[in-house]
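So the protein lines, in turn, are chains A and B. All letters in the first sequence, in the order written, are residues 1 to 171 by my numbering. All letters in the second sequence, in the order written, are residues 172 to 455 by my numbering.
Only true hints are included.
Quick partial rundown of chain A residues pointing at chain B, CB under 7 angstroms, derived from the structure:
id, residue
1, Ile-15
2, Ser-18
3, Asn-68
4, Gly-70
5, Leu-71
6, Ala-73
7, Leu-74
8, Tyr-81
What follows is a list of derived Cβ distance ranges for each label pair:
id, chain 1, residue 1, chain 2, residue 2, range
9, B, Val-252, A, Gly-8, 47 to 55 angstroms
10, B, Lys-221, A, Asn-158, 29 to 37 angstroms
11, B, Asp-245, A, Phe-130, 32 to 40 angstroms
12, B, Asp-245, A, Ile-24, 17 to 25 angstroms
13, B, Lys-221, A, Lys-159, 29 to 37 angstroms
In short, the hints are calculated from the structure, not lab data. No residue lacks a Cβ here, since even glycine has one placed at the ideal position from N, Cα and C.
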Amino acid sequence: MREMVILGILLLNLIVQSSIFPFIEIFHVKPDSLLTLVVSFALVAGNPTGALVGFCGGLLQDLFFGNNLGLYALQYMIVGYLAGLLHGRLYVDKVFIPMLAIIPTNLLKQTVMLVYNFFSQSGMFQDRMFIQILIFETIYTIVLMPFVFSSIVKLYDNKFMRKKRHFPKIR
Amino acid sequence: MPRLYKNLSLIIVIIAIIGLIALMVYTETGKEKAWIVENALGRILTPVQKGLYSVSSYVYNLFVGIGQRSSMKDEYEELKVRVAQLEKELYRLEELEKQNERLKDLAMFVDDNREIVVTGANVVAKNPGSWFNNITIDKGTKHGVAVNMAVVTNQGLVGRVIEVADNWSKVRTIVDGKSAVSGIIQRNRDNGLLKGSNTLGSEDGMCEMIYLPEDSNVAPGDKVLTSGLGEIFPKGIYIGEVVEVFKDKRALYKTAIVKPGVDFQRLEEVLVITNKDDYVLKQD
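Just chain A, with the same shape it has in the complex (with noise of 0.2 angstroms):
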């Protein structure tokens, strides 16, 4: 049940991204809404479920719009599973420290796309852009994150989401 809500957000997430947000381009800049729900999630539910949340929504995305496998799902991973070492070490309320973790994930982001465009050679964006693009992307997605952490609180507030997991244990 919690895989198929989980799995559906991010399915529904994908839509809105590709259909809607290219209405709501501010200088060509979109806001990354799963980065705002991976971040939720790891904040909310801790990591094995941010860093798979992370994995799983990347690895859609690099399905569906990507030009190789994997470069989505491991920027999301990273992110995700970083932003779950933080879940139970620190008080989370409900707008300002999801809006402040915005900030150093989305420039983490940002840098594995740099190191992969550095290895690729592909030139998708100069020095410049780089930096126009993370200032706007990151302003631009903090204004959506409350929003979204708001709704996946309030989702967590159901049972089925409750039951908890972990990586496997070695006994």
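Mind docking chain B on chain A? Use the hints.
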């Protein structure tokens, strides 16, 4: 245990990262054929993709419709301006074509009577009123125009030059009340004097041919040409057609109403011609 668990999760993540990088590199290098796993995956995913795509494009079009409506308005305005431009261009071209027609006719006349043609000219002004009594043309002494030269079109006689400046001249048309031209009926060679009947207040664009012999059998439909008497106009220029003949009871001559061949209301290009002794105009 928590320590091991933590380490284990980190190990799993690192393995996943390495696996993903390997996958990236593998799928990055442009391979031309899809490998088996990708192929199978594609078979499963394609219908999903199709569904996703149709949903996306439906939503997309929903939004595009809103955006397009505003851009369509701009486009409409642009096209309206463009249509106006093109219409203007079309009018210009039609105008040129008409002018071309008229000039072609004039050119034929010039070819036939090259010896006596002085210059072509454009009508640049006329006196107010619907008929041209006096007109101004854009050629003057610089172009060889002199007083008393005849002005014609291919349709017939227009009038004669009465005043010349450097680069313009004034022409009195044959329908003007002060104009008098010696004419001849082409059919029976009866002579008469053509006077314009356009005087202030009664402008009908006709000429009266007076002093026709009492016994003349002139009839409506007869063509009237210049007679060459008076030495202003060359002999044989077409003037017009008789539309009516009458005789005053006490007068000793007949009078014919002549309709000029030239359309004085639509006069644009004219030719200035000079008279030469015994020159007879060649006309179609």
